[in-house]
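Colleague: Required output: the full structure, derived from the provided sequences and hints.
Those sequence lines, one after another, are chains A, B, C and D. Residue 75 in the working numbering sits at position 54 of the first sequence; the count goes up by one each step and never skips. Residue 228 in the working numbering sits at position 207 of the second sequence; the count goes up by one each step and never skips. Residue 146 in the working numbering sits at position 125 of the third sequence; the count goes up by one each step and never skips. Residue 175 in the working numbering sits at position 154 of the fourth sequence; the count goes up by one each step and never skips.
Keep in mind that the hints are not guaranteed to be accurate.
The list treats identical chains as interchangeable, and a pair is accepted whether it falls inside one copy or across any two copies.
Stated by the list, open to error - With a straight-line cut-off of 20 Å between C-alpha atoms, the simulated SDA-like cross-links for lysine to any residue are: (1) 155 to 209; (2) 152 to 138; (3) 155 to 125; (4) 172 to 279; (5) 172 to 282.
By construction, these hints were calculated from the structure, which means they are not laboratory data.
Number of protein chains: 4
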Amino acid sequence: MSAPIRVTVWNEFWHENPRRHADVKSRVMNYGFSEDHAIRATEGVQRVYRDGMHKVIADHLSQQGFAVRVATLDEPEHGLSDAVLDDTDVLTWWGHIAHDQVDDEIVDRVRERVNMGGMGLIVLHSGHYSKIFKTLMGTTCMLKTREADEKERLWVIEQGHPIARGLPEYFEIPQTEMYGEPFDVPAPDTLVFVSWFQGGEVFRSGCCYHRGRGKVFYFRPGHETLPIYYQPEVLQVITNAVRWAAPADGPELIFGDHPPLENLD
Amino acid sequence: MSAPIRVTVWNEFWHENPRRHADVKSRVMNYGFSEDHAIRATEGVQRVYRDGMHKVIADHLSQQGFAVRVATLDEPEHGLSDAVLDDTDVLTWWGHIAHDQVDDEIVDRVRERVNMGGMGLIVLHSGHYSKIFKTLMGTTCMLKTREADEKERLWVIEQGHPIARGLPEYFEIPQTEMYGEPFDVPAPDTLVFVSWFQGGEVFRSGCCYHRGRGKVFYFRPGHETLPIYYQPEVLQVITNAVRWAAPADGPELIFGDHPPLENLD
Amino acid sequence: MSAPIRVTVWNEFWHENPRRHADVKSRVMNYGFSEDHAIRATEGVQRVYRDGMHKVIADHLSQQGFAVRVATLDEPEHGLSDAVLDDTDVLTWWGHIAHDQVDDEIVDRVRERVNMGGMGLIVLHSGHYSKIFKTLMGTTCMLKTREADEKERLWVIEQGHPIARGLPEYFEIPQTEMYGEPFDVPAPDTLVFVSWFQGGEVFRSGCCYHRGRGKVFYFRPGHETLPIYYQPEVLQVITNAVRWAAPADGPELIFGDHPPLENLD
Amino acid sequence: MSAPIRVTVWNEFWHENPRRHADVKSRVMNYGFSEDHAIRATEGVQRVYRDGMHKVIADHLSQQGFAVRVATLDEPEHGLSDAVLDDTDVLTWWGHIAHDQVDDEIVDRVRERVNMGGMGLIVLHSGHYSKIFKTLMGTTCMLKTREADEKERLWVIEQGHPIARGLPEYFEIPQTEMYGEPFDVPAPDTLVFVSWFQGGEVFRSGCCYHRGRGKVFYFRPGHETLPIYYQPEVLQVITNAVRWAAPADGPELIFGDHPPLENLD
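Modeller: Spelled out as structure tokens, the structure:
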């Protein structure tokens, strides 16, 4: 029997964490949002994900037979020490209000693990604007947004892809934040989902990338104020993505000066 | 435990089959080749693959834990009845001298299994010019060739792809037939291997394609007069490709008239 | 000054042609549609495109400075003689009710011109189910449909692509037939447009493909009963696509036995 | 008549510039190379490109009818002021020994011009390891190297691409530095050339990328000690690439909060 895939579920864990609610409120209101908005972004989120989004995702992945740990921003080294990463096949990433608090050194460490080590990386929702995703994409990773609790419908575009396993031809998020095109990322190596939004936009919601020895999957659903990570189809996609992103155990990348394999005379 | 992947190893089985040697010789000499060439293409091949190439490939795949059967051109329905295909997750295809003998109806059947059913298809070497591969690609699938028993070196280009599992950064075929660019196929969804040839050519030797619900992998090595399907790296690639090409169990393709999901008023 | 791009605008020209209205009506009603539907598909279309869709498209392309001719199904060789194709850089294709009436020999001829000769091919709307498009794609090219005169919004996904020249970030077709995913085509080399439909579907509406020396662009808009080919954004896309699809004058495809470029000893 | 494409040819201009020879020698010898090597990398290069590589490339592009200027590292703002970039459609980039001397602010400026403004970027040879290319790719952009003045043969892989215009099916660089796989870049949107090297390696030598509104082309040939930028086929590719990379004038990227286009009630 092969060993279980080892997953580290990373979460910013500020919206759901009462010890960070003052910081979140201050940031939200500095962006020009109302106090009501700030309350929804703190107490509101905490009501939906009492112990943090990472807990809900990690519990699900554990039930699927993966070996799961969690890590959060406020831990030393954001919980992503070399020892933890040595023991990680796939890292999932959710962040939003505190992308700037992630240490550049840790970003480099994660990037190296993906690119050179083959670790899988699954970037969720507002993680599109994390340092690690922007660095690996090389683009702004910006997009359109709207918070109107509107309906999203994710259509499967590549039915033979392992991330589509067990899904219907589309599934709905009954209430969500809208993300709309342009989504400024490189054209994905494989586009698995395209979203329809009630308000008139479309979005490339499931994007697969090879980066060096590693694989990256961006998955759109997941707004913090709504119970989206409890939805079975969403959890199914994350499960599928973990299996897809697990290291391939292909050859290491060997660079630099190279003696000729053939006689040059 | 999940059930083993069910593989059907298809082989033209004329070059290795004494009952077809007269046909092969006649075809080879009609192409303008010498009698020596025709002998190498019959008795010569038979010495390398006494019971057929399919036997060697099937034995290896069985040892990997797959549920394997074989099928050949001269069987009724070429061994590819609906019952056999109902019991097939991945079909491997080797053909060369008798592509024209494959019944169009069977080609359509296989194509439908890939496109609509999600069956994987692994096309080997001279199978590039089979009806089924040409049909699924939409191009001529022609290429350059040279039989000079020269050296080939396959470089891994996408190190994180599951088909690269367990491989070194390159491996060599000590003596092989050359295939050179242009290889008239659509740009692959993922390019896994590029070959270097001693005589000065390059070739896209490992090409992945999604086609509907199914996946197709083209793998170049495998000339019939040389013991290439005994080589461990070649067998490793075929094993990896079977795992990659196995059905994803994604949604079925639903076409035609579709009632609105939203109110159109 | 370089010579103008030579465009042949091909049209089935049955829906708009009174001499074919009996045939169209009979086919429409054989599909199980009402007599009203059959009238809309004949007299109705003829009111929108009095001299045929090809006339409207050709007039526009002439004004852009291209050298334009038209060709239709009922002409000898469907208007696509070798002499005409010798004088064609880009062929646009609209067909719907009479795909089966296109001679296989002409399909092969067009395919060879694209694949080996580098002729561009622009496939419009219901041309998705033409023999030439299905042959070049290798898939069923099927999709979902609905005729409810609903709104479509085409979003530009690849803003740096020449086919996006001069367009806003999205444009609308106020009333159209819906085409929905799954669209059973290979993942495009470049995806330029994704459509949003009022009824809840999405569609890959602008798809670029290389096929051998040639380029193929599929563009969704264009239902025959609606004045879509008079819309400026639609005509702009077709103009852009003609420029993009024009032959690149790259190397010819040279196949077959190839002497070594290097010493093999 | 449309206005000519405005090209800025950027060159590090240290290897060819006697005023920088002491710096180059010191860097080369700090890498552990011999004094002979350092002399070849300075006086040797200067003999090949007396007025700098940029002069040779710029002269050729001027003859093609482009509006050309040059810019070099040692100029204020590296010659890439906002005013210069306002007047640039396509920027070509050659750097090698002094990548670290390029100001991060200028890198950000160029990146923004590509991503948001649609400026084309053509990265030549050792520019693969420039800050601007690494930033836009998101990977290490490392590769294998060997300086043995061996033969390279570039095969055209996508014959219908505009960058292949006017080329034979392959062309040779008689003596060059080897670059070998792995080339740690994202799989290109379009792969135009693959190189064969005498010593046994292959390389993806012509790689096209969309990045936001802009286009990026990486082209391998060009070692500084050899007269490669005088070779007609190499200059032809650069000319073709300028035309391909010129801004498409597609829609601007509009991000952020977006009012609904449809009624959400």
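Colleague: For which of the previously enumerated hints does the structure constitute a violation, in increasing order of number?
Modeller: none
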